[in-house]
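Q: Sequence:
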Amino acid sequence: MRMNRSMVLLLLIVVLAGSIWGCGRMRQKKEKEHGVEYTVLGEDQIPDEIRKVVDVKKQEEFQMTYQEEDMLYLLQGYGIQSSGGYSIRVEKVSENDTELHVKTKLIGPKGKDGGTEGISCPYLVIKVENRHKKVVFD
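Counted the way the UniProt record's numbering counts, the sequence shown spans residues 1 to 138.
For the record, the hints were derived by calculation from the structure and aren't laboratory data.
Take these hints with a grain of salt, some might be off.
[Claimed, not checked] Each computed DMTMM-like pair below joins lysine to aspartate or glutamate, with the alpha-carbon atoms no more than 25 Å apart:
| no. | residue 1 | residue 2 |
| --- | --- | --- |
| 1 | 32 | 117 |
| 2 | 92 | 117 |
| 3 | 133 | 97 |
| 4 | 92 | 70 |
| 5 | 127 | 69 |
| 6 | 103 | 70 |
[Claimed, not checked] Distance ranges between label pairs, derived from CB positions:
| no. | residue 1 | residue 2 | range |
| --- | --- | --- | --- |
| 7 | 41 | 107 | 26 to 36 Å |
| 8 | 64 | 34 | 15 to 25 Å |
| 9 | 52 | 32 | 30 to 40 Å |
| 10 | 42 | 106 | 14 to 24 Å |
| 11 | 97 | 119 | 33 to 43 Å |
| 12 | 117 | 71 | 15 to 25 Å |
| 13 | 32 | 56 | 35 to 45 Å |
| 14 | 32 | 84 | 21 to 31 Å |
| 15 | 133 | 44 | 45 to 55 Å |
| 16 | 119 | 34 | 31 to 41 Å |
| 17 | 134 | 110 | 27 to 37 Å |
In this text, a Cβ means the ideal position worked out from N, Cα and C, and glycines have one as well.
Please build the complete structure, drawing on both the sequences and the hints.
A: Right under this line is the structure:
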């Protein structure tokens, strides 16, 4: 009986120590993350090759990257929306030692009658210097 209590106590200590160590590592990783300079491209700035890909994919949600020389293009599409008037806000473009993180948010039409008639397929193309890291869309 005494041995069972000792085993349970030992197991509990190991689990707690692992949890504390894991949380500490996550916090440490967050601290190393920093912002990255980027440019949101207008329609006339998007390379033709990327425009062709977007035209094929824009009716569905998509997240993809395209590399051209030393530049990396981050593409995010939100698929078919029931009206116009949508915009996309870049919430962050940041990196840590191994990953490039991208977070965007779809913003709906303003007000009750803010949307225009017809459907739309909002998408965004972000241009960054190629960092040769895994890209994560948050």
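Q: If a hint holds in the structure, say so; if it doesn't, say that too.
A: Hint-by-hint comparison with the structure:
1. A hinted pair counts as satisfied when its Cα atoms are at most 25 Å apart, and residue 32 with residue 117 does not qualify at roughly 45 Å.
2. For the given pair, residue 92 sits about 31 Å from residue 117 by alpha-carbon distance, which is inconsistent with the 25 Å threshold.
3. Between residue 133 and residue 97, the direct Cα distance comes to roughly 8 Å. Compliance with the 25 Å bound is thereby established for this hinted pair.
4. About 21 Å separates the Cα atoms of residue 92 and residue 70, which keeps this hinted pair within 25 Å; it holds.
5. Restraint check: the Cα-Cα separation between residue 127 and residue 69 comes to about 12 Å, which is no more than 25 Å; the hinted pair holds.
6. About 22 Å separates the Cα atoms of residue 103 and residue 70, which keeps this hinted pair within 25 Å; it holds.
7. Taken as a hint, the range 26 to 36 Å is violated for the pair residue 41 and residue 107, whose Cβ atoms sit roughly 18 Å apart.
8. Take residue 64 and residue 34: their Cβ atoms lie about 24 Å apart, and the range 15 to 25 Å holds.
9. For residue 52 paired with residue 32, a C-beta distance near 37 Å keeps the hint of 30 to 40 Å intact.
10. With their beta carbons about 18 Å apart, residue 42 and residue 106 fall inside the hinted range of 14 to 24 Å.
11. In this structure the hint that residue 97 and residue 119 lie 33 to 43 Å apart at CB holds, the actual value being about 42 Å.
12. Roughly 37 Å separates the CB atoms of residue 117 and residue 71, a value that falls outside the hinted 15 to 25 Å.
13. For the pair residue 32 and residue 56, the supplied restraint of 35 to 45 Å holds, since their beta-carbon distance comes to about 37 Å.
14. At roughly 40 Å, the beta carbons of residue 32 and residue 84 sit outside the given window of 21 to 31 Å.
15. Under the hint 45 to 55 Å, the C-beta atoms of residue 133 and residue 44, about 29 Å apart, miss the expected range.
16. At roughly 38 Å, the beta carbons of residue 119 and residue 34 sit within the given window of 31 to 41 Å.
17. At about 36 Å, the CB distance of residue 134 to residue 110 agrees with the hint of 27 to 37 Å.
Of the hints listed earlier, those the structure fails to meet are numbers 1, 2, 7, 12, 14, 15, in rising order.
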